[in-house]
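Read off the chains here:
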Amino acid sequence: MATRAVITLPEAIKAGEAFEVRATVAHAMETGYRSGDDGARLARDLVRRFECRLDGEFVFAADLYAAISANPYLAFWMRADKAGELSFVWRGDNGFEHRETRLLVLT
Amino acid sequence: MRRREFALSAAAFAVLPEARATEEAMRAAIRAWAGRQPEAGALKIEIAELVENGNAVPVRVAASQPVVGLALFTPLNPEPEVLHASFGAALARPEFSTRMRLARSQRVYAVAKAADGRCWQTGVDVIVTLAACVEA
Amino acid sequence: MKTLNTATETQRHRRIQTLLLCVSVSLWLCFGLALADERRSGRDTMSPALRTLQADDAQHPAQLALALGKEQWSAGAKSCASCHGEPEKVRGAATRYPAWDQGLVDLPGRIQRCRVRHQQLPAWAPEAEPLLALTALVARQSRGLPLQPPQGPELDAAAQRGQQLYTNRIGALNLSCDQCHDERAGLRLGGSLIPQAHVDDYPVYRLEWQSLGSLQRRLRGCLSGVRATAWGWDSAELLALETYLARRSAGMPMQPPGVRP
Chain E
543 MATRAVITLP
553 EAIKAGEAFE
563 VRATVAHAME
573 TGYRSGDDGA
583 RLARDLVRRF
593 ECRLDGEFVF
603 AADLYAAISA
613 NPYLAFWMRA
623 DKAGELSFVW
633 RGDNGFEHRE
643 TRLLVLT
Chain P
156 MRRREFALSA
166 AAFAVLPEAR
176 ATEEAMRAAI
186 RAWAGRQPEA
196 GALKIEIAEL
206 VENGNAVPVR
216 VAASQPVVGL
226 ALFTPLNPEP
236 EVLHASFGAA
246 LARPEFSTRM
256 RLARSQRVYA
266 VAKAADGRCW
276 QTGVDVIVTL
286 AACVEA
Chain U
14 MKTLNTATET
24 QRHRRIQTLL
34 LCVSVSLWLC
44 FGLALADERR
54 SGRDTMSPAL
64 RTLQADDAQH
74 PAQLALALGK
84 EQWSAGAKSC
94 ASCHGEPEKV
104 RGAATRYPAW
114 DQGLVDLPGR
124 IQRCRVRHQQ
134 LPAWAPEAEP
144 LLALTALVAR
154 QSRGLPLQPP
164 QGPELDAAAQ
174 RGQQLYTNRI
184 GALNLSCDQC
194 HDERAGLRLG
204 GSLIPQAHVD
214 DYPVYRLEWQ
224 SLGSLQRRLR
234 GCLSGVRATA
244 WGWDSAELLA
254 LETYLARRSA
264 GMPMQPPGVR
274 P
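Chains as they are written, first to last, in the working numbering: chain E, 543 to 649; chain P, 156 to 291; chain U, 14 to 274.
Possibly wrong hints are sitting among the right ones.
Simulated DEER-style distance windows between Cβ atoms [what the hints assert, rightly or not]:
1) E/642 x P/244: 34 to 42 Å
2) P/192 x E/645: 41 to 49 Å
3) P/243 x U/51: 25 to 33 Å
4) U/195 x E/649: 47 to 55 Å
5) E/635 x P/178: 25 to 33 Å
6) P/273 x E/582: 41 to 49 Å
7) E/649 x P/194: 54 to 62 Å
8) E/642 x U/51: 41 to 49 Å
9) P/272 x E/642: 29 to 37 Å
10) E/574 x P/273: 30 to 38 Å
11) E/570 x U/50: 37 to 45 Å
12) U/134 x E/644: 32 to 40 Å
13) P/273 x U/184: 56 to 64 Å
14) U/164 x E/557: 35 to 43 Å
Treat the hints as calculated values from the structure; they're not laboratory data.
Built from N, CA and C at the ideal position, the CB exists for glycine as well.
Please work from the sequences and hints to get the whole structure.
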């Protein structure tokens, strides 16, 4: 299965301390304004929404638009008081959906 | 040289009739997200003053107090919206970073929304240069 | 024994001392100046924001490609790993290209050869995603090492040919590579700073492409830029030019994969 997303978390995460989450998903984010080699307009195809949850509880979400670069990169800071499961989901045009999970282990 | 630039931009304009949003379209988009017309207020927008390529411009938006959402807008991209971020309780810092596209030099706007409904915005000017040679 | 020098002898002694000092200082200066390297990597002439994009692995736009490359490395029955071991084992390999092995071959070309000859799989199209991913993975193992293109009669001939191509005026704009990248490096073309065109960070994630790309792609882009017919993929001209460029950048530390505007 080809890697379709990269998520970076710090190696050591302390309970209650802020840490940065960085997430990138592979997606062309075709704006709909570009033309292909044959001159035909390339149809719009975007990732529309990103959500991060910790054990189901909402942490961070973003609505993305055409002005977000290809392979959309998002970074945010969160904190966790106990270990849990971080889930990430990207949804977009043409039924695009990609999910990732990471086990949050606290030191 | 000027003639070539004019021909290039005219050709682009002909292909993209909706190529330019307006300040008004951006204001409407901001109002739609914020719920009201934001007042001017302090927000940090970390972005290069001079951008070498508008395809991927790193940008960080940060508020100095807890907020429920932060958003980015542009007046001169084909569309005004860039990103709307919403924050849950576990969010440690009222900020996010991303990479955005800038079609041309313009003022980039960030808007913040607080839990009590207050909203404020600020803008920063960015100059965008384009690649001198484009692939065939 | 006469131990007392006369005044004249002391003067003469001092003059000789001063002369010797001047000669040694100027020799040292000449030697020092000859060694001063005025070469600057393209990454050092970028804005701080883009330099950070390249330096920070967690933000690097080629992260996905590197992750894909790692997968490719271990994929299949006759995977790269089955012969080469862990990717770390090929550290240093990327510094020694282009090479001569029954013809000129650059790093992507070598990977293609391995795929066809040893994995018995069909060659990828030029700039195919998995090919670039593997190129990025292999090149990355040589991060920090100086470029050390190999020598040899065929490579020397190719480098010479490459230098001729580099200094020939071509295209409707009638420009040669050296007119921009040697004579006018540091000046601006349009709004863009003209780099010295070193090949230390390939493959690069070029923001203009919104993807990773090889040196050959970049060269073909330049050829289009001067409105010249782009030489074909893996053509003798492109490989000769690559050979010359590797020697031109020899000794500079590699930091692949790069980020460029």
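Those earlier numbered hints the structure runs against, lowest number first: Checked against the structure, the hints that fail are numbers 1, 3, 7 and 14, while the rest are satisfied.
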